[in-house]
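Residue-level listing of the chains:
There are 2 protein chains.
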Amino acid sequence: MNKITKVPDKKEAPVLGIDLGGTKILASVVDPTGKIIARSKKKTKAEKPWRVVISRIAECAKDAAEISNIPLADFAAAGIGAPGALNPDTGIINLAPNLNWENVNLREILEQELQIPVFINNDVNMGTLGECRMGSGVGMKNVVGIFIGTGIGGGIILDGKIYGGASYMAGEIGHIPMVDNGPLCGCGKKGCFEAVAGRLAIVRDIIEGLKKGKESILSDEVGENYSKIKSRRLALAWNKRDPLTVKVLKKAAVYIGKGVATVITILSPDAVILGGGLIEAIDEDFLELIKKSAEANSFPSSLRNTKIIRALLGDDAGILGSALYARECLSKK
Amino acid sequence: MNKITKVPDKKEAPVLGIDLGGTKILASVVDPTGKIIARSKKKTKAEKPWRVVISRIAECAKDAAEISNIPLADFAAAGIGAPGALNPDTGIINLAPNLNWENVNLREILEQELQIPVFINNDVNMGTLGECRMGSGVGMKNVVGIFIGTGIGGGIILDGKIYGGASYMAGEIGHIPMVDNGPLCGCGKKGCFEAVAGRLAIVRDIIEGLKKGKESILSDEVGENYSKIKSRRLALAWNKRDPLTVKVLKKAAVYIGKGVATVITILSPDAVILGGGLIEAIDEDFLELIKKSAEANSFPSSLRNTKIIRALLGDDAGILGSALYARECLSKK
Numbered sequence: 000m001n002k003i004t005k006v007p008d009k010k011e012a013p014v015l016g017i018d019l020g021g022t023k024i025l026a027s028v029v030d031p032t033g034k035i036i037a038r039s040k041k042k043t044k045a046e047k048p049w050r051v052v053i054s055r056i057a058e059c060a061k062d063a064a065e066i067s068n069i070p071l072a073d074f075a076a077a078g079i080g081a082p083g084a085l086n087p088d089t090g091i092i093n094l095a096p097n098l099n100w101e102n103v104n105l106r107e108i109l110e111q112e113l114q115i116p117v118f119i120n121n122d123v124n125m126g127t128l129g130e131c132r133m134g135s136g137v138g139m140k141n142v143v144g145i146f147i148g149t150g151i152g153g154g155i156i157l158d159g160k161i162y163g164g165a166s167y168m169a170g171e172i173g174h175i176p177m178v179d180n181g182p183l184c185g186c187g188k189k190g191c192f193e194a195v196a197g198r199l200a201i202v203r204d205i206i207e208g209l210k211k212g213k214e215s216i217l218s219d220e221v222g223e224n225y226s227k228i229k230s231r232r233l234a235l236a237w238n239k240r241d242p243l244t245v246k247v248l249k250k251a252a253v254y255i256g257k258g259v260a261t262v263i264t265i266l267s268p269d270a271v272i273l274g275g276g277l278i279e280a281i282d283e284d285f286l287e288l289i290k291k292s293a294e295a296n297s298f299p300s301s302l303r304n305t306k307i308i309r310a311l312l313g314d315d316a317g318i319l320g321s322a323l324y325a326r327e328c329l330s331k332k
Numbered sequence: 000m001n002k003i004t005k006v007p008d009k010k011e012a013p014v015l016g017i018d019l020g021g022t023k024i025l026a027s028v029v030d031p032t033g034k035i036i037a038r039s040k041k042k043t044k045a046e047k048p049w050r051v052v053i054s055r056i057a058e059c060a061k062d063a064a065e066i067s068n069i070p071l072a073d074f075a076a077a078g079i080g081a082p083g084a085l086n087p088d089t090g091i092i093n094l095a096p097n098l099n100w101e102n103v104n105l106r107e108i109l110e111q112e113l114q115i116p117v118f119i120n121n122d123v124n125m126g127t128l129g130e131c132r133m134g135s136g137v138g139m140k141n142v143v144g145i146f147i148g149t150g151i152g153g154g155i156i157l158d159g160k161i162y163g164g165a166s167y168m169a170g171e172i173g174h175i176p177m178v179d180n181g182p183l184c185g186c187g188k189k190g191c192f193e194a195v196a197g198r199l200a201i202v203r204d205i206i207e208g209l210k211k212g213k214e215s216i217l218s219d220e221v222g223e224n225y226s227k228i229k230s231r232r233l234a235l236a237w238n239k240r241d242p243l244t245v246k247v248l249k250k251a252a253v254y255i256g257k258g259v260a261t262v263i264t265i266l267s268p269d270a271v272i273l274g275g276g277l278i279e280a281i282d283e284d285f286l287e288l289i290k291k292s293a294e295a296n297s298f299p300s301s302l303r304n305t306k307i308i309r310a311l312l313g314d315d316a317g318i319l320g321s322a323l324y325a326r327e328c329l330s331k332k
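If you read the sequences in order, they're chains Y and A. Residue numbers for the first sequence follow numbering that gives the first Met the number 0, so the first one is 0 and each next one is one higher. Residue numbers for the second sequence follow numbering that gives the first Met the number 0, so the first one is 0 and each next one is one higher.
Okay, chain Y solo, but in the shape it has when bound:
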């Protein structure tokens, strides 16, 4: 249970929505209608001790509150989406490799800093909730979000609520087995979905092509400075139909479609929402390839009622989802 119980009128008060990433912290003030009325941003500085990072989160949240001209004490709650394995009930981050955190009681310390109730959940879950409530999934009850970033993140909303399963780790769609004895994944397994279709996997295949001397505008653009190949650059090269990029991304689209098909065949949701930097920046033809592969690999009757759609909110999905989550948790108390 949260220790802070003195709260203003829950329904009328604004909430803070926070997205904690490995490189940046985003905070926002969200009014009772779900509108973002102030924002702030800070570098995470994940290399610092966790106490410092949590102070930076609190500062970022306070900055957003100050911009909105609303005193912190007038907020109903704060919601925060965090990466890694965590427990929404205890508020503890069990393990967040890209923050180097282990067993950090994020909620307790953040409540001490902000003096309002704090609710935590996984960042991808929060993003999926944001899209479900305010983005491309409005009006839907069962939605799965698949976000193509460095890896591939998944979030599941069932019956309108975040579904965490027995471990609070449900939705690790990036780690479903995809290719027998495939490339090694960051998780230690081989051939996971994200090890063949996440951005790191795509860039790995592009670099392999470049090293083999394949023709590509990317070699003119980045030379051997491969770390410059990010989602936006990949999407632009695709949009220009760069041969190497097209070849690698076509393969990735087939795998992404298979991942989508697996989700549809098991869960038959109202929608699979595709998001993340690459999806946001790329043209419709790429989405069509994904859909084609998803259709070819889904059980036909399960597919019939599922939409495959693009996320609409970009970075706002996480902060909006966190804010709405906090409000919904509060109303259940």
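Misleading hints may appear alongside valid ones.
Since copy identity is lost for identical chains, a pair holds within one copy or between any two.
Below 16 Å or equal to it, Euclidean Cα-Cα: the simulated EDC-like pairs (lysine to aspartate or glutamate) are [claimed, not checked]: (1) K140 with D158; (2) K42 with D62; (3) K189 with E294; (4) K331 with D88; (5) K332 with D88.
Simulated from the structure, these hints should not be mistaken for laboratory data.
Go by the hints and put chain A onto chain Y.
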């Protein structure tokens, strides 16, 4: 809505639990404590017109009631698990290939025959519900059932309730994509889970081996009468360590483990319950192979809280699940 509204005291009255299969109909009388107090069985005769089959279902149910010495009018309701694509809200079987049914209003006609409220759902969902409430999943909220029969059926219980998704077709786990350009599946796709690990797939691989002259006790047992190779015979040959059977089933176990891993990585349920004829008849070593493959292919943190266990109820899972489903639907009205 069901048209029949006159019902006896819901909580004290028994319910009928029916399992409609392609070859046999099972009916049972289940008392308020969940105990089966009478049973009956009839051939489906799926080759006959659907009206005839529904009359046979009604007769089977009436037989069970008669054995229990309880007049039909004293039952609270009947639940029936049926194969294929159906809609529990309308009571209509949209498509059941192994019955040759299309758009049959099973519920309405069965209510006319029995004069008590009837509730329908998919047979595998009912079996999973039965295992969840009275079998190996007792006390669990999120459970996935995987039944290895002719094909591979899946049922999903989330938050204690059957999860149907947008199409009422969720849980078609047998049709998740498993092998690129693999063997043709009955659904028209290639390389589905059941096309490489269902009983038909296993028998196909065994026959291929027998035709190549591989050594096997099965060739002594069945000669060229391959249709005699059913689940029990396969399990016995495995238990005796018949070389061809062991080779084929080891491969199937790896695929079954991958299917289990996919479910665990996406849903992180409390348990994956494995059932069906083959699983019931086979020894623990086969289960261990499945578990080993599931562990190797699951995202480690998702796996941690999920048990992989054997179904306990056999054929009773379906009739008990149907009976409990009817009771639960009734209590919601």
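> Tell me, which hint numbers fail for this structure?
Replying inline: none
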